[in-house]
Amino acid sequence: MNFFKTSILSGINNVITMALGLVTNNFIARFAGAEGFAIIGQLKDFLKISLSLGQLGFDKGIIKYTSVHKNSNKKLANYLSTIFISQLAIAGFIALITIIFNQELLTYLTGLKNYYNYFVLIGLSILPMVFYTSGMSVLNGLHEIKKFTLISIVANIIGSTVAILLIYKYELKGVLINLALFQFINFSIFILFVLRKPFKTNWFKNKFHKKEFRDLTRFSLMSICGVLVLSITLIAIRKYLTTYLGLEYTGYWEGLWRLSTIFTTMLTSAFGFYLLPTFSKLYTKHLRKEIFNIWKLTIPISILAGILLIILREFVITLVYTKEFLIISSLLIFQVLGDIIKINSWILGNLILAKVHVKTFISVQICWSVVFFTLSIVLTQQLGFIGIAVAYLITYLLHFIFMNLYFRKLLWRKLPRI
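So the sequence shown is numbered by this note's numbering: it starts at 1 and just counts up by one.
Hints in this document: simulated from the structure, not taken from any laboratory. Hints may be right or wrong, so weigh each one.
[Stated by the list, open to error] Okay, derived cross-link-like pairs now, DSS-like style, lysine-lysine, Cα gap no bigger than 25 Å in a straight line:
1. K70 x K205
2. K210 x K359
3. K169 x K75
4. K169 x K323
5. K205 x K359
6. K113 x K48
7. K169 x K74
8. K113 x K211
9. K169 x K70
10. K48 x K359
[Said to hold, decoys possible] What follows is a list of derived Cβ distance ranges for each label pair:
11. I97 x K75: 29 to 37 Å
12. E324 x G384: 26 to 34 Å
13. Y240 x K210: 37 to 45 Å
14. A19 x I97: 31 to 39 Å
15. K197 x L383: 52 to 60 Å
16. G111 x I85: 21 to 29 Å
17. N114 x T243: 20 to 28 Å
18. I12 x P300: 19 to 27 Å
Note that beta-carbon positions come from the ideal geometry of N, C-alpha and C, so glycine has one too.
Construct the entire structure; sequences and hints are all you get.
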């Protein structure tokens with residue numbers, strides 16, 4: 001499937017996902033309030049960490065090796081059975097630890113002391129969450145983009161409907177129940193769609209293979225590091241904001257972060273299926289040309305979209321949340337400027353992934369985390385609540401400068417004529 005068809009399907013999926021997400025966010029704002037957003041943010045990042053560790057960081061490797069061996073049933077079965085066995089063991093262990101230490105984990109993350117049973121449900125949801133995500137990566141590798149998109153759309157519609165009903169009826173309890181139930185809904189819908197085609201049961205009946213496991217782990221370190229660094233940083237910042245400004249302001253910042261995520265996802269997801277495989281097979285002259293061709297699209301589009309969002313920020317905030325969240329209006333300007341830089345820096349980030357520059361990727365992720373966390377503390381103390389958005393902007397400006405310096409030979413030095 002070519003880039004444009006993929007982009008259209010991805011775009012349709014993202015529009016539906018965004019619309020449903022906006023409605024869900026509005027219900028959370030109305031029935032759980034700013035404090036509810038702060039708690040949800042902590043638990044979602046905990047789930048992201050559990051997913052990354054439970055998957056063993058295999059997501060990119062699954063796509064790559066499924067794509068390479070999709071016409072070789074035996075070789076594909078070796079990889080998929082290895083993935084299934086290893087993820088079952090690790091994700092099962094993480095789920096067990098989460099259930100056993102549910103009180104300690106929930107108290108540390110959120111400060112809640114009366115919702116331990118709901119956190120047990122979240123622990124139980126880790127296995128279906130891991131298998132759903134890995135299964136979707138297999139579909140991606142098989143280039144079953146239509147089925148991939150359809151599953152995503154159906155799962156989002158059903159999941160969002162259930163979420164709205166639970167939040168309306170049970171408020172914060174409903175949010176916690178939904179975090180767990182959403183994973184079971186996703187996995188159930190996935191199984192219904194792939195039970196006969198394109199999945200084959202014999203793919204998962206093979207034994208564990210050390211060679212295939214080593215191949216998959218080439219991508220693990222970068223994938224796990226990326227998720228861990230971001231999620232741990234966000235958890236730490238929320239805990240700091242709760243201590244320094246209070247849980248309510250932490251919830252407002254979570255609302256700002258969600259708007260930022262929606263904005264960047266809308267503008268980058270169309271390239272998600274395209275960048276890694278394209279960058280992996282291109283070198284020097286053609287690679288430089290491809291990067292600048294993409295920038296010709298992303299830079300003007302991100303700037304125009306950012307200007308529009310800044311102009312309509314009060315309307316958007318009220319539409320997505322409630323008037324209570326208008327406090328983030330002044331922060332949104334700095335956040336959007338940071339997002340514009342982030343989107344165009346993300347192009348080069350994919351280049352590091354494609355060329356498997358493991359040490360560079362990990363170093364960049366850790367440095368980003370340290371700089372963002374440090375600036376968040378320093379600027380919040382100096383500027384107040386707005387300081388955290390300024391910290392975000394400065395961090396991504398530094399990130400973009402570094403990425404251009406790192407790839408200066410490729411991007412900015414004159415190439416010899418052939």
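To see whether the hints hold, each was checked on the structure:
1. K70 x K205: holds (17 Å)
2. K210 x K359: holds (24 Å)
3. K169 x K75: Violated. K169 to K75 sits at ~49 Å, over the 25 Å cutoff.
4. K169 x K323: holds (22 Å)
5. K205 x K359: Not satisfied, since the Cα-Cα distance of roughly 36 Å exceeds 25 Å.
6. K113 x K48: holds (22 Å)
7. K169 x K74: violated (50 Å)
8. K113 x K211: Violated, at roughly 46 Å.
9. K169 x K70: Violated - the C-alpha atoms of K70 and K169 are around 46 Å apart, more than 25 Å.
10. K48 x K359: holds (22 Å)
11. I97 x K75: 29 to 37 Å: holds (34 Å)
12. E324 x G384: 26 to 34 Å: Roughly 18 Å apart at Cβ, these two residues miss the hinted range, so it is violated.
13. Y240 x K210: 37 to 45 Å: For Y240 and K210 the Cβ distance comes to about 43 Å; the hint holds.
14. A19 x I97: 31 to 39 Å: holds (36 Å)
15. K197 x L383: 52 to 60 Å: 56 Å Cβ-Cβ, so the 52 to 60 Å window holds.
16. G111 x I85: 21 to 29 Å: violated (38 Å)
17. N114 x T243: 20 to 28 Å: Holds - the Cβ-Cβ distance for N114 and T243, about 21 Å, lies within 20 to 28 Å.
18. I12 x P300: 19 to 27 Å: holds (23 Å)
In summary, the structure is inconsistent with hints 3, 5, 7, 8, 9, 12 and 16 from the numbered list given earlier, while agreeing with the others.
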